[in-house]
Amino acid sequence: MKTLKLAVLAILFITFSCKDKKKEDTTNAKAKTIAENVEKPKKEVNNGYQVGDIVKDFSLKNVDGEMISMGNFKDAKGFILTFTCNTCPYSVAYEDRLIELDKKYASKGYPVIAINPNSPEARPDDSYEKMQVRAKEKGFTFPYMLDEGQKVYPQFGATRTPHMYVIAKTPKGHQVKYIGAIDDNYKDAEAVSKRYVEDAVNALLEGKEVEVKTTKAIGCSIKV
Amino acid sequence: MLQKSIFISICILFFSCKSETKQTNVASVDTTSKVEAKLNAEAKTTTTEIPVLNFEQFEKYLQIDDDNIHVVNFWATWCAPCVKELPYFEAVNAAYKGKNVKVLLVSLDFNLKKLNVFLAKNELKSEKVLLDDPDQNAWISKVSKDWSGAIPATVIYGKGKRKFYEHSFTQAELESELRNFINQ
Numbered sequence: 000m001k002t003l004k005l006a007v008l009a010i011l012f013i014t015f016s017c018k019d020k021k022k023e024d025t026t027n028a029k030a031k032t033i034a035e036n037v038e039k040p041k042k043e044v045n046n047g048y049q050v051g052d053i054v055k056d057f058s059l060k061n062v063d064g065e066m067i068s069m070g071n072f073k074d075a076k077g078f079i080l081t082f083t084c085n086t087c088p089y090s091v092a093y094e095d096r097l098i099e100l101d102k103k104y105a106s107k108g109y110p111v112i113a114i115n116p117n118s119p120e121a122r123p124d125d126s127y128e129k130m131q132v133r134a135k136e137k138g139f140t141f142p143y144m145l146d147e148g149q150k151v152y153p154q155f156g157a158t159r160t161p162h163m164y165v166i167a168k169t170p171k172g173h174q175v176k177y178i179g180a181i182d183d184n185y186k187d188a189e190a191v192s193k194r195y196v197e198d199a200v201n202a203l204l205e206g207k208e209v210e211v212k213t214t215k216a217i218g219c220s221i222k223v
Numbered sequence: 000m001l002q003k004s005i006f007i008s009i010c011i012l013f014f015s016c017k018s019e020t021k022q023t024n025v026a027s028v029d030t031t032s033k034v035e036a037k038l039n040a041e042a043k044t045t046t047t048e049i050p051v052l053n054f055e056q057f058e059k060y061l062q063i064d065d066d067n068i069h070v071v072n073f074w075a076t077w078c079a080p081c082v083k084e085l086p087y088f089e090a091v092n093a094a095y096k097g098k099n100v101k102v103l104l105v106s107l108d109f110n111l112k113k114l115n116v117f118l119a120k121n122e123l124k125s126e127k128v129l130l131d132d133p134d135q136n137a138w139i140s141k142v143s144k145d146w147s148g149a150i151p152a153t154v155i156y157g158k159g160k161r162k163f164y165e166h167s168f169t170q171a172e173l174e175s176e177l178r179n180f181i182n183q
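The listed protein sequences derive, respectively, from chains Y and B. So the first sequence is residues 0 to 223, counted in numbering that gives the first Met the number 0. So the second sequence is residues 0 to 183, counted in numbering that gives the first Met the number 0.
It cannot be assumed that every hint is accurate.
Stated by the list, open to error - Label-pair distances were calculated between CB atoms; the ranges are:
1) Y/Gly64 / B/Ser175: 46 to 52 Å
2) B/Lys113 / Y/Lys55: 35 to 41 Å
3) Y/Val211 / B/Asp145: 19 to 25 Å
4) Y/Val50 / B/Asp64: 34 to 40 Å
5) B/Pro50 / Y/Gln131: 16 to 22 Å
6) B/Asn121 / Y/Thr169: 35 to 41 Å
7) Y/Ala121 / B/Glu122: 26 to 32 Å
8) B/Asn121 / Y/Val211: 38 to 44 Å
9) B/Lys113 / Y/Pro123: 20 to 26 Å
10) B/Lys144 / Y/Ala188: 25 to 31 Å
11) B/Lys112 / Y/Ser192: 23 to 29 Å
What the hints assert, rightly or not - In silico contact screen, one side only, chain Y against chain B (beta carbon under 8 Å); selected entries:
12) Pro88
13) Tyr127
14) Thr158
15) Asp183
16) Ala216
17) Ser220
These aren't lab readings, by the way, just hints derived from the structure by calculation. Please read all numbers here as calculations on a predicted model, not as lab measurements. All residues carry an ideal CB built from backbone N, CA and C; glycine is no exception.
Let's have the full structure, built from the sequences with the hints guiding it.
Here you go:
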């Protein structure tokens, strides 16, 4: 009988201590939700494509005046799509590497396509005319398009320049296979040890699963 | 038989309770790290030159366990919205000094010369460091799992609370966020 009493007491004790914790948890959780409400970024673009999602095709004006869609590339197996611009130093640091990527992979079925997501009103140096100048200066071998009205980048959930998407043509449609950085060293192309985009495209060309599917990198926020 | 079932129920209760505590622990993990006074001494020796740190050296600035509210702003001279909001952080640093608020400006510039020219022209009184670590994928999530990598970005932490912001502030917004930390 004594043990029974003890057991009951123990149960009661545990239940109460447990309840207290729960209470704390819910207050914390409440505080957190309130905090998160305040914290909402001004423009929510985080709900864009994730790896595995099917990309809706777009039609954007290239620096040569032509309208470009992914559907135009009949022979492509996929795309190395980048959101980039004239003015972000990270974008500039990667320009040569984008050209290299295009040279290496366009013939294998994965051309580079570049979209400038910045609003020319917010960033005059990212205007269509300035894009034409930059493309000519650098000798871009790939299309460089303006996201006019800034409608495409939010669909992708791009947050910065440069922001890379490797896309493969699949029976389901254009499917996102990788999102993130080009490689692990923006400063020095010679010192790169992980080539995320190349690794992803190589895997796709070999019919394998992309190993590293997302990475993060510092970049310039997209100017709206 | 009765006793047995009581013991079993105690066990169940105990374990269900345990998982609860585990969750709470995870939630408060961000405030537990200890940082020695060494850190302040280090910063003082570098009044003329900005300390250049890799992420391993920098990480302690995100975990200072003292009575202050720490405002850690990631910026760069080439980031126009960052430069625009710098005066707000400077103002907050000056105005809230007496309220235990400390601002740390973390430059992500990759041209030290350009940064130094900027700093010579624009005197910034807040504490400053240059975070120079090219393997960004390895450390961005350690600042915040919510950070995509775009700047400006800011972490405010202290008094057991921590928040991350991937956007620009106006001075009023910054002060109102700060007050949430001070008046809790």
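Contradicted hints - numbers only: 5, 6 and 13
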